[in-house]
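Peer 1: Read off the chains here:
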Amino acid sequence: MTQPTNRTLDLKQLRARLLDARGPAFWKTLGEVIETAAFREYVQQEFPRYADAAGHAISRRDFMKLMGASMALAGVSACSRPSGEEILPYVNAPAEVVPGKPLFFATADVVSGFASGVLVETREGRPIKVEGNRQHPMSLGATDIYAQAAVLQLWDPGRSQAVTYQAQINTWEAWLAAVASARDEFDRTGGAGLRILTETVTSPTLTQQLGTLLERYPRARWHQYEPVTRDAVYEGAQLAFGEPLETHYHFDKAKVILSLDADFLGAMPGRLKHAREFASGRQVEPRDPQMNRLYAVESTPAITGAAADHRWPLQARQIDAAARQIAAQLGVAALESAAPLAHDAVKALVHDLRQHRGESLVIAGDHQPPTVHALAHAMNERLGNHGNTVTYTEPVVHAPGEQMQSLKQLVQDMSEGHVSTLVILGGNPVYNAPADIPFTEALAKVRHATHLSLYHDETSARTHWHIPATHYLETWSDARAIDGTVTIQQPLIAPLYQNRSAHEVINALTGQVTASGGGEIVRAFWQNRHQIGDFDNFWRRALREGVVPDTALPEKNIAVRRNLASRLPASTPSRSSAIEIIFRPDPTVWDGRYANNAWLQELPKPLTALTWDNAALMSLELARRLELQNEDLVELKLHGRKLRAAVWIAPGHPDDAVTLALGYGRTRGAGPANDAGFNAYRLRRSDAPWSDEGLEIVKTGARYPLAVTQDHHRMQGREDVREATLEEFRRNPSFAHDDPHKNPPFPSLYPAYPYDNYRWGMTVNLNTCIGCKACTIACQAENNIPVVGKQQVQMGREMHWLRVDHYYKGPVDNPETFFQPVPCMHCEHAPCEPVCPVGASIHDEDGLNVQVYNRCVGTRWCSNNCPYKVRRFNWLKYADPSDPHLAALRNPEVTVRSRGVMEKCTYCLQRISVAKIEAEKQGRRVRDGEVRTACQAVCPTNAIAFGDLNDNQAQVGKLKEHPLNYALLAELGTRPRTTYLAKLRNPNPVLDDG
Amino acid sequence: MSQIFKPGFDLIFRFGVLGVIVLAIAASIVWATAVDVVGNGVGAAVQQPVPFAHKHHVGDDGIDCRYCHTSVEESSFAGIPSTEICMTCHSQLYIDAAVLAPVRESFATGAPLRWQRVHDLPDFVYFNHSIHVHKGVGCVSCHGRVDQMPLTWQAESLEMQWCLDCHKNPAAHVRPRARVFDMAWRPDNQLALGKKLVERYHIKSPAQLVDCSTCHR
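Read top to bottom, the protein sequences are chains A and B. My numbering numbers the first residue of the first sequence as 1 and each following residue consecutively. My numbering numbers the first residue of the second sequence as 995 and each following residue consecutively.
Accuracy of the hints is not assured; some may be wrong.
Stated by the list, open to error - Quick list of in silico lysine-lysine cross-link-like pairs, BS3-like style, CA-CA up to 25 angstroms:
1) B:K1190 x A:K916
2) A:K921 x B:K1198
3) A:K101 x B:K1129
4) B:K1162 x A:K921
5) A:K916 x B:K1049
6) B:K1000 x B:K1049
7) B:K1198 x A:K916
8) A:K921 x B:K1189
9) A:K960 x A:K869
10) A:K408 x A:K347
11) A:K101 x A:K916
12) A:K742 x A:K877
13) B:K1000 x A:K921
None of these hints come from the bench; they were simulated from the model.
Take these sequences, add in the hints, and give me the full structure.
Peer 2: So, in C-alpha cells, the structure goes:
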C-alpha cells in the first residue's frame, strides 16, 4: 500500500513558506504549510485511499462473484427470527442489585504507585465504566486516560490466565509447595538468598507485609524499581532540605507559575488536581477578566507547554543552566552558569514572580536532575511561596530516591550468585531495566524466580514461575495518593482467572495461606490499625466513600539549607555540538504497561497525534540538517548501543535533541502492539535515565509508516479557532464576533422550530481545555466505540466520536498550540439530515440530531455533507460480537453498531433518557447537572458544560451568554448546539514572544 | 436446420410466464402469512425448564405481578424471580412435585434456572418497563391475558408499528395507575378516560413519543 506523499516534505520550501507572512495563521501539519498536491487530495477525500481498502485491487470477475454471493445470501439472512435468548435470574438476589440499574463502587486507580480515587459502574456485576470520585483529593471527580482504559484491561482476553512453571501450565498449589520447601531454607539462613522486587509501593498493607517478611528473614532484601523513576524529585529535596520530602503544589493560589520542564498537567502524579486548580485560574469573568500566567521552559513538547502563555524550548540538559540563570536573578545565590534564556525574558519573568510574592509557584519536572529541584525549592522559599502555593510532607513511597541504586544492587547480587529466590511483584524488568544494568543475564543465575504480572510478558518468559496477577478491579488492596490519602481498593468482580494478588504471594512466603484472596489480609491490617471505635462502621464508610478519613499527611514546616549554592554540583557545560536524546514516559502507554490496551494505543497522542507507535521526535531544523523526513527509519547510536527508530518532526521540539518515548518495542505480552514502535530502554542508562548526550543519527534509507491522525477529519481549511490575549479581550470583549462573515444569526427560509420541552446544548471552553484527551477515551468507554487497528487508522477510519483537533500558529520552531475538542455539533439546521435517503439522520423534539442505526443503509452521504466531519462509518465489523470477554465490557445502554452503519456522538442519549425517565416518574423536569455526558464527567478542568438551554438556571445557558462564546463555522448557518468559548492567553505585556 | 420452436410454443411460453408470476404471488402470500403467524412468535408457547403456569399463579392464586417481577416499577427490566422467590412458597407447597425438581436443584446447587426469553426485542430497542407502568400502561396491554396462559407465549407482535399505534395515540390504551396490574379490568369509555389520563399523567405529545430517540440510542 502506498503511503501518503504529503509527508514527504520539501524542507526548503517549508522554511520559505513559514517565513512568508502570507502563510496560514493556523496550521495542523507541515505538509499543509507548503500545500503539497497530495495534501490537497487528502483533505478533499474524507476517507483517503479507500479504493485500496482490501489491500489489493478487485478484478471485475471477483466483483461479480462477490456481488452474486451477496445477492443470493441477502435473502437467506432474512428468513429466520433471532435465535432464542436465555434469561438467567439470580438464585439469591443481592439486596442492592436492581436488574437494569447500575451500581457504583469506590476504589482507586494506581499509576506508578500513586492512587487517584474512582467510582466504577457495574452492570449486574460487570464493571463497565470508570468515573472520578469527587470526594478524593486527587480525582475531584475527574479521571485520566489510564483510569478510563482500566475496564478494557480487566476484560482483555490477552491477559495471562494461568500459573505457569517452565512455560507449562501449572497450579497455584504447586507454587505454594515449591515455596514451602524454600521456606525451610530461609528459616535456616535467615532468608539470605531471598529477594523481592516490586514497583513503587504505597499500599500500607503491602508495606507492612513486606516489613513482617523482612523481620522474619532478616537477610532477605526488598528492592523497588519503577522505570518512570522519581528518584531525582527526592534527591532534589534531600539536597535542599536535608530530607527526601514530597512537594505539593496549589495552583489555585498561584498567579504566576514557572515550569522548569514540568509536565504537571500531563505526566506528574497529582495531575488531575493540578489541572483543576490551574484551570480555576483561567476561568474568565467578563466583568473583571483575570487569569494566571504560565511560563514554561520545556524540552519535549507536552500539554503543559501547550497551555503556557510563554513557552521557551530548551534542550533537557539546558534546563539546569536556565534554572541557575533564573535563580541567580531572583537572588537565591550567585550562581555561575551559561545563560540559555534571553536576558530580557528572564528579567521580565523575575519581575513578574517578585510582584507576586506568595502567589507565585516554581515547579521542576520529575525528569530533571536534583539540582533543578533544589533550585526550585530555593526559589519558592525566596518568593514566600512556602506554605502558600507550595507545601511539603513526608513522601508516601517507601525508600524514596533510591530505586535505581536499589536495582543495581539487586542485579549485582544476582550476578554474583547470592540470590536463590527472586520474587518479582508486578513490573517487567527484563523489558524495562536500563541497558547498562544486565538484569536479563543476571536473572539466568537465579535458582527460583517467580513473576507476578497481568500479562505473560518478557519477564514471565524468563522466570521459572509465572503467576497471573489480579487486576485492581478484581482484588482487595489499598493505595495512597501523593498527599497520603488512603483508598481501600475493593473488588468489583471475582477474579476472572487463576489470578493472585501481591498480598497473597507475600503471605505465602511467610507461610500464611489465606483461603479467600487478599480481602482478609487488607481487612485484618486495618482492623489492627483501628482499635478504637466501631471498626465495621469505619470500614463500611471507607469503602463507600473511597477515602479513609484523616490519612492525608501533615504539612511539614521546613527551610532550605543555608549553604545550598555550595552544595550544588558545578554546572557542567555540555558539548554544544552533541545531540541529546530525551526519554519520556509515553503519553498513552506510559512505561509500556498499557501496551496491550487498544484504547490507549489508538488514542492519538497529544501533540503528535501518533497512534500505535512511538517515534524519534525532532525539530525541523535537525531533520533538515540530517536530510531526514517524516517516517524515515534511522539508526540511533548512543554509547555503543544501537536502535532503529522512525523519524517524526515535532514542531516546537528543541534543536539538537531527539525524544523517544518509553513503552514501545514490546516483544511479548503486548498483543497487537508486540513489535510496534521502538524500545527506548535499549538505549537508556541508569545514570542518565531521562536525557543523555552523544547521540548519533544515521539514515538507513528505509521507511517506516506511522499512523498519524493529525490530517484526518479536516474541515476543508475552514478551521475556526478564535483566540486573543487577555489584554485584547479587555479592550474588545466581543473580539470573537468581530468578523461579520462569521457572525450569526443568518436568515433562514424556514420558520424557527419551537423546542419547548428540552433543548440540550453544550459548551466547550477552549481556554481551560488542556488537550489531555480524557474525553475521547471516556466517550469510547461509554459508547461502545470500537478500535480499528493501525492499518485502518492510516486510512483515516478511526472511530472516535469525539476528536481533539490540534492547531499550531506561528513559527515551526516554537508555535503556539491550540486544542479544540470536536463532538457532534447537533446542528439545529443539520446538513446531514436532508441528504439521507432513508431518514436515518434526523432530529428529535429536544433538538438532538439522532442517527438511527436500524435505518442506516450506509450511503455515507451524511458524512460527506457534514462540515464538521464528526460522523464515523463502520467500514468493517470492528465491534466483534463473538468475543465473550469484550461482550462483557460493553455498555448495555448503547447499541453495538455493525458493519455498514454510520455513527456519531449522541450527547450520551442513554444518560439523557435515564434522567428524563427518572424525572418523569417523579413528576418534575430534569435538573441542571443531572445529565452529565461522559466527556463532561471525566474532564479534569471542567471545560465541558452540558444541559438544557430552556432551563434559565442552567450553567450551560449562562456560558452561552459569555462574550467568548462562539459557534464553529457559524457562517454556514447550521446553528450548532455545541459552541466554544474562545481561547485567551495572558502573555507578559513586556515580552513580545507571547 | 429446422426451427427449434414451433409456432405453437408461443402459447406454452405465455402460460409458463403466467405460471411463474402466479407462483411468485402465491409464495409471497404464504410467506407473509407464515411470518405473521409463526415468524414473529405470537401465540407459540415457549419451552421452559419448568412448565411455569401464569394461569395458576396469577389467575387461580391471585399473586400480584410485582411479587415476582420485582423491579417492574423502578427499572427498565421487570425482573425474573430469583430461585429464592420461587422457594418462598415451594419450600412449603408442592415440595416433592417432579416438575419443580429443576427449581430445587437450582436452589441446592446455586446454578441459576435457564429460562427462555419469550419477549425478545431487537438489541437496538430500549424498552423501559418502569416508565410505561408509571404512565398507566397495563401489563395486559402488551403481555395479553397472562392469567389465562397455562404456558407463556407472546401475545402481541411487538413490531415497531404495533408500538407506534400506542405512542401515536396513548389515550386509546392508558388506564388508571391503580389498574395497571389488573388483568381483567375493562374501561367503560376508553377514549374519554384515556384523554383525561394523558393529561393527568403528563404523557408526552405524540410528536415526542414517536421520536426515534425515545426507543433507539
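Peer 1: None of the hints should be skipped; say for each whether it holds.
Peer 2: To see whether the hints hold, each was checked on the structure:
For the suggested pair K1190 of chain B and K916 of chain A, the alpha carbons sit about 22 angstroms apart, so the restraint of at most 25 angstroms is met. For the hint linking K921 of chain A to K1198 of chain B, the alpha-carbon distance of about 13 angstroms falls within 25 angstroms, and the restraint holds. Distance check on the hinted pair: K101 of chain A and K1129 of chain B sit about 20 angstroms apart at the alpha-carbon level, within 25 angstroms; holds. For the given pair, K1162 of chain B sits about 20 angstroms from K921 of chain A by alpha-carbon distance, which is consistent with the 25 angstroms threshold.
With a C-alpha separation of about 36 angstroms, the suggested pair K916 of chain A and K1049 of chain B falls outside the 25 angstroms cut-off, and the hint is violated. Of the pairs offered as hints, the one joining K1000 of chain B and K1049 of chain B is violated, with about 69 angstroms between alpha carbons and a cut-off of 25 angstroms exceeded. Taken as a hint, the K1198 of chain B and K916 of chain A pair is honoured in the structure, with Cα atoms around 12 angstroms apart against an allowance of 25 angstroms. The hinted pair formed by K921 of chain A and K1189 of chain B meets the criterion: a straight-line CA distance of about 19 angstroms does not exceed 25 angstroms.
For the suggested pair K960 of chain A and K869 of chain A, the alpha carbons sit about 23 angstroms apart, so the restraint of at most 25 angstroms is met. Taking the CA atoms of K408 of chain A and K347 of chain A, the gap is about 43 angstroms. The hint is violated against a cut of 25 angstroms. The suggested pairing of K101 of chain A with K916 of chain A holds, with an alpha-carbon distance near 15 angstroms, which does not exceed 25 angstroms. Among the hinted pairs, K742 of chain A with K877 of chain A is inconsistent with the structure: their alpha-carbon atoms are about 40 angstroms apart, more than 25 angstroms.
Taken as a hint, the K1000 of chain B and K921 of chain A pair is broken in the structure, with Cα atoms around 78 angstroms apart against an allowance of 25 angstroms.
Of the hints listed earlier, those the structure fails to meet are numbers 5, 6, 10, 12 and 13, in rising order.
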